[in-house]
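Engineer: Position chain B relative to chain A; hints supplied.
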Amino acid sequence: MKTSQKSLSRMRLSGLIKKEIRQILRDPSSIGIAFFLPVILLIIFGYGVSLDAEHVPLGIVIEQPSPEANDFVSGFKDSEYFDPVFFRSIQEAENALIQRRIMGIVWTRNDFARQVLKGKEAPVGVIVNGVDANQARIVEGYITGVWMKWLVSYARSHGLDIMAPVEVKHRIWFNSAVRSRNFLVPGLIAVIMTLIGGMLTSMVIAREWERGTMEALLVTPVRVKEIILGKVIPYFFLGMGGMTLSVFISIVIFHVPFRGSYLALGFASALFMLTAIALGLIISTAAGSQFVAGQIAIVITFLPAFMLSGFVFDINSMPFPIQVITHIVAARYFVSILQSLFLAGNIWPIYLVNCLWLAVMALIFFLIIKKKSHKRLV
Amino acid sequence: MLRRILALTIKEFIGILKNKKSRMVLILPPVAQIIVFGYAATFDLKDVPVAIYNEDNGEISRQIVARFQGSKVFHIIGNLESNGQIAPVINLKKALIVLHFHKNFSKDMAKGATGKLQVILDGRNSNTALIALNYVHTILSKFNRKWMHQNRNIRIPARLVVRSWFNRMLDSHWFIIPGIVALLTIVVTLEVTALSVAKEREAGTFDQLLVTPMTPFEILVGKSLPGLIIGLIEGTFIIFVTCFWFEIPLRGSLLVLYSGLFTFLLSAIGIGLMISSISLTQQQGLMGAFMFLVPSVVLSGFATPIANMPRLVQELTLLNPMRFILVIVRSVFLQGAGFNLLWTQYVPMALIGIVSLAIAGFLFKRRLY
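Residue numbers (my numbering), protein chains in the order written: chain A, 1 to 378; chain B, 379 to 747.
If you're looking for bench data, these hints aren't it; they were derived computationally from the structure. Note that the coordinates shown come from a computational prediction; the quantities given were computed from them, not determined experimentally. Hints are supplied without guarantee of correctness; some may be wrong.
[Unchecked claim] Partial list, derived from the structure: chain B residues whose beta carbon lies under 10 angstroms from chain A:
#	residue
1	Lys-424
2	Asn-432
3	Ala-491
4	Ser-504
5	Leu-538
6	Thr-659
7	Ile-684
8	Arg-708
[Unchecked claim] Per the computed footprint, the stretches of chain B lying under chain A, defined by three or more beta-carbons under 8 angstroms from a beta-carbon of chain A, are:
#	stretch
9	406-420
10	493-501
11	539-549
12	568-582
13	614-628
Positions of the beta carbon are idealized from the N, C-alpha and C atoms, including for glycine.
Just chain A, same shape as in the assembly (with noise of 0.2 angstroms):
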């Protein structure tokens, strides 16, 4: 009798499952959370996030017109990034920068073409608006970019010996149209499949024990362990499906090329799936009632990924201490198998090293729930 009790019954945890699918039927809320939300979530953001500027209203300020300075800032009309606006005075173009009509200004002024044809250095001034920091350095640098074109023109045509002395050329590996999209749709996955979990399973262990259902639970021959399982299984599996749409968006849709092994990608995904799960459903038993479950699902499951993940903001660029705290944050390994595995192929010692990280993370939650689930009244 004793050792039928200790071990699982399949005959239990299948009763288990069959109600809670019944259960997820019923409200159709968690279908739509599994199968719709991802796929919303992705198109709308996959859309909207980007960090590549183009069409970049810019302000040009010449105050003598030249054939030198028109050929200075025809450069401006003719590069992709810019929409130029054009100002006769410095003062019209500020008062615009101030309105935010304008990201950054390129002054000409009225000896610009006596000083070129002297090859004085005649200084152009670069005002950017540095409120959207990151912003404002990707326009200078796209600037800068302009002005070395013109440089070299100017040189060919006037038949100066100007080449640089030393010239730079670029690959950017993995990536090599710069297109932000590409890392930020993989990264989008993991934030949007931890909130899944979270929403998902936050609310299904204190709902039990709120509507006192959990009670009923208490006096049949069910262990904590089925109960537990039986909360899993049936939402990893809606997960995963949520999973598998999404990484079809990615590559159909926004053409994110996929350069790793479907394979270690299914099992990156149910090892992650497997810690978001786990984590809505530490919050479910520790809050008690949903009310709190809710708050909490709210506070430490999306922000975190966001912020924490290295999904915008680069884990290399914080600061130690941060960098340590990344650690806690599932998404942050998921984050970064992903993006290799998308943009880099099979780089497996990053591959194992984050799945390895992913695995211990979900040992250490299934732990952690089943040390807190009791099978008594509080």
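Structural biologist: Using the frame of chain A, we list chain B on its own:
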């Protein structure tokens, strides 16, 4: 009427603060998150790992390497011996950049020809790669300019004199941290409001509330006040940390800032209560809160600019109160902007607030399904 509203507000506060766990959730995470996120959220690079593959080993290439060594942005992790070592170093993320000096680099330059330098970057995070590349260009164009002047006595026809307004050092913390004020405020407000009606619906106490002499308007005010008060207190705390811990300059007036915060809270509370009164269960309320919170953070311009979005998505963001408060907070902090520059941001938030509050009040007595 005031007495009734007050009584409901007090009851709401007790409901929120009575439970110890619930109290902790409201207080601890915002405190921890403003500090952690404040440090974490940066686009600035430091200690970028660089590997050198120097086939030249001449004087000039060593000079250039020294310039990279002297820069705070880069950190040289070592030298590569062969072409075959480049791929593993980049693949395993040991280096973000490999600088490859070709053979005869120094000799070519001494002859007056162009020295060829290949820069290989890990593009898995293309934003990081792009910014790192810009730093490389900055170092090399300084070197080029000095070299031309010293060795060939040539000056370039025009040079750029770059200044950045409002954030002289282009420190991206100055951009992100004021944004966290809005981010954490909306999270806290939703926590307080999004489940408040749904919880009572599920427990059946909301029906009891409806048969009291309270009008839906009074219920609405009573349910809104806790969110408003808690939001203002936590918002103030976060603004305080932003100013005094992170030392972000607050150049504008507090009146402009708080008018923005107040309008923003109104719209967030309205949406929170609207979600709550549509939901039949707390699970649905939570789902609604996420459905609103996540897109409104991701598509707010908090981390990635709205200007980069496709037109359709940009128009969608006009329904997002966070979009407007971010402009207000950042402009007040960094630019010292006043009402004359910002009034276009207040109006949409106020409209969103009024409409959503009205819908929430309307739905108290009538259920959608």
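Engineer: Within the assertion that chain A covers the stretch 539-549 of chain B, do at least three residues meet a Cβ-to-Cβ distance smaller than 8 angstroms?
Structural biologist: holds (count 10)
Engineer: Using 10 angstroms as the Cβ threshold, decide whether Ile-684(B) counts as touching chain A.
Structural biologist: Result: holds, 8 angstroms to nearest chain A Cβ.
Engineer: Please verify the coverage claim for the stretch 568-582 of chain B: does it have three or more residues whose C-beta sits within 8 angstroms of some C-beta in chain A?
Structural biologist: holds (count 6)
Engineer: At least three residues with a C-beta closer than 8 angstroms to a C-beta of chain A: is that true for the stretch 493-501 of chain B?
Structural biologist: holds (count 9)
Engineer: Apply the coverage criterion to the stretch 614-628 of chain B and chain A: a residue qualifies when its Cβ sits closer than 8 angstroms to a Cβ of the chain, and three qualifying residues are needed.
Structural biologist: violated (count 0)
Engineer: Quick one, is the Asn-432(B) hint okay against chain A at 10 angstroms, beta carbons?
Structural biologist: violated, 14 angstroms
Engineer: For the hint on Ala-491(B), just tell me whether its beta-carbon gets within less than 10 angstroms of chain A.
Structural biologist: Hint holds; Ala-491(B) Cβ to chain A Cβ min 8 angstroms, cut 10 angstroms.
Engineer: With 10 angstroms as the cut and Cβ atoms as the points, is Lys-424(B) at the interface with chain A?
Structural biologist: holds, 6 angstroms
Engineer: Please check whether the stretch 406-420 of chain B has three or more residues whose CB lies within less than 8 angstroms of a CB on chain A.
Structural biologist: holds (count 8)
Engineer: Per the CB criterion, is Arg-708(B) less than 10 angstroms away from chain A?
Structural biologist: OK, holds: Arg-708(B) within 10 angstroms of chain A, min 5 angstroms.
Engineer: Go through the hint on Ser-504(B) and say holds or violated, using the shortest Cβ distance to chain A against 10 angstroms.
Structural biologist: holds, 5 angstroms
Engineer: Do the numbers back the hint for Thr-659(B), that is, is its least Cβ distance to chain A under 10 angstroms?
Structural biologist: Hint on Thr-659(B): holds, closest Cβ of chain A at ~8 angstroms, below 10 angstroms.
Violated hints for the displayed structure, listed by number in ascending order: 2 and 13.
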